[in-house]
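Participant: Here's the letter readout for the chains.
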Amino acid sequence: MNTFQIAFWFLSALAVFSSLMVITRKNPVYSVLFLIITFFAISGHYILMNAQFLAIVNIIVYAGAIMVLFLFVLMLMNLNKESEQQKNKYLLWSSAIAGGMLMVLLIAALHTSNPMVLQQPGAGGIGLIKNLGTKLFTDYVVPFELSSILFLSAMVGAVVLGKKGE
Amino acid sequence: MPITYYIFLAVIIFSIGVTGVLTRRNSIIVFMCIELMLNAVNLLLVAFSKMHHERLMLQDPANITAGTEAQLFVFFIMVVAAAEVSIGLAIIVLMYRKVHSVDINFLNRLKN
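Taken in sequence, the protein lines are chains A and B. Per the numbering used here: the first sequence = residues 1 to 166. Per the numbering used here: the second sequence = residues 1 to 112.
Only chain B is shown next, with the shape it has when bound in the complex (with noise of 0.2 Å):
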């Protein structure tokens, strides 16, 4: 496969998120559009760590982990979504409590 289709499953799936994001008004969606966005970039990710990894072993074979990098930087992306996930949910269990809804067009309120 052309590393190129990947990039252009990455991006649909990222505009996706980014289209969730901007047309949804349930808060909860909007996180999960956010998730959604995140995967892309993760798929990105190791799309080039697998392309990365095959050029650096043609120009030397003995070298097995060249390219490991990416998978960990998606490792740690999955860590910190996890924390974000938490907190995120938290806080909409929250605003949920306060004006019964997880409407976002009722999150201009927080200024009072």
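Looking at chain A on its own, in the form it has when it is part of the complex (with noise of 0.2 Å):
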């Protein structure tokens, strides 16, 4: 076992943890916390895939700036002492079995005998900012622009429906 499996098993395990601690917690701010480290799992796997300019994006963006909105939300709303009614335990009981299902499903679905086998961890340039700079700005400069429209338009709406009605 080289370090890039024990880094690979350490990231799955603490990816899979956290994540089923996001849906478990009774109180919203533990599971805020537990995603936010989900997402620093899912970034160390970045970088051991050579996507380094994704890794970082992804802990600014998502465990910077996202996160931060939700704990932001969660802690104006004061949410913290009340606990969320479940209506139905046979609900509950059948939404987990279906998820589960759903898991079992996918993967017997997607196994395969000879999968191709990814080397080389530390090599290729693909994941720095130069090469996938040079791509965005030459043949996806069009979603680029569309995506500032998308952002123009996010921002308004959150202003128009964050303001006092009438």
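It cannot be assumed that every hint is accurate.
Ranges between beta-carbon positions, derived for each pair [what the hints assert, rightly or not]: (1) A:Val68 / B:His100: 21 to 27 Å; (2) B:Ile64 / A:Trp93: 49 to 55 Å; (3) B:His100 / A:Val29: 15 to 21 Å; (4) A:Ser113 / B:Asn105: 44 to 50 Å; (5) A:Gln119 / B:Ile91: 44 to 50 Å; (6) A:Ile129 / B:Asn63: 14 to 20 Å; (7) B:Asn63 / A:Phe137: 14 to 20 Å; (8) B:Asp103 / A:Val16: 23 to 29 Å; (9) A:Asn2 / B:Leu94: 50 to 56 Å.
Partial pick of chain A residues on the chain B-facing surface, computed with a CB cut under 10 Å [to be verified]: (10) Ala15; (11) Val22; (12) Pro28; (13) Leu35; (14) Met49; (15) Asn50; (16) Ala51; (17) Phe72; (18) Phe144; (19) Ser147; (20) Gly162.
Hints listed in this document are in silico derivations from the structure and should not be mistaken for laboratory results. Just so we're clear, the structure is a prediction, and the values are computed from it rather than from any experiment. Even for Gly, the Cβ is constructed at its ideal location relative to N, Cα and C.
The task is to assemble the complex, starting from two chains supplied on their own in separate frames and drawing on the hints.
Facilitator: This is the structure we're talking about:
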């Protein structure tokens, strides 16, 4: 077992464990914190696969901006004490079983006996900003500009929604 | 690492997200589970990008940017997710102002 495999198994176990904690914790603040741990584990996977730029962007955008937004809204609402009511016990169990069945089905469907093996974890420069940026600003410049319009409309929409009505 | 390990990891995280959406009643946690599913998909896209890159490099070692597209897709997914979160949280705050709860069982009142 080399360092790459040890890091892979550690990050996988961390990601699965903390995402399980996200959906089982009663207190939403703990869920947010465990989700941040999940994002860090996924960023570690990105670094192992030579996607350094995406790893940094994942930490900045997801773990930094989006999760802070979640935490901010959560603190604003002050929901920490009250526990959510669960209407039906059978509904909970049936949805848990449905999710598990989805997992089993997808694993069984996507299992191949002769998989492609990822070698040389540290080789290749596709994740560097230089290569990604060249591709982004030559072949994908129209989607890039469209995403700026999307951001503008999202910003205007958030302001309009957040305004006090009437 | 065989590519199937990455597929299994992404499937497991995705299923955890689906289970969270189905079981939890707090709309913020439901929203967080959607982010979890998006991240599982991102992880799988990056793994396929790496696989594609290695296979194309064997055929043509000069083409060093082979397989960059998947990482750009992940970048655009992050862009869309950021826009989605800002709008979604604004809607949740609005809902909390109306009904003083974020329980999605109350959302059936929207039809009146």
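Participant: May I ask which of the numbered hints given earlier this structure violates, with the numbers listed in increasing order?
Facilitator: The structure breaks none of the hints.
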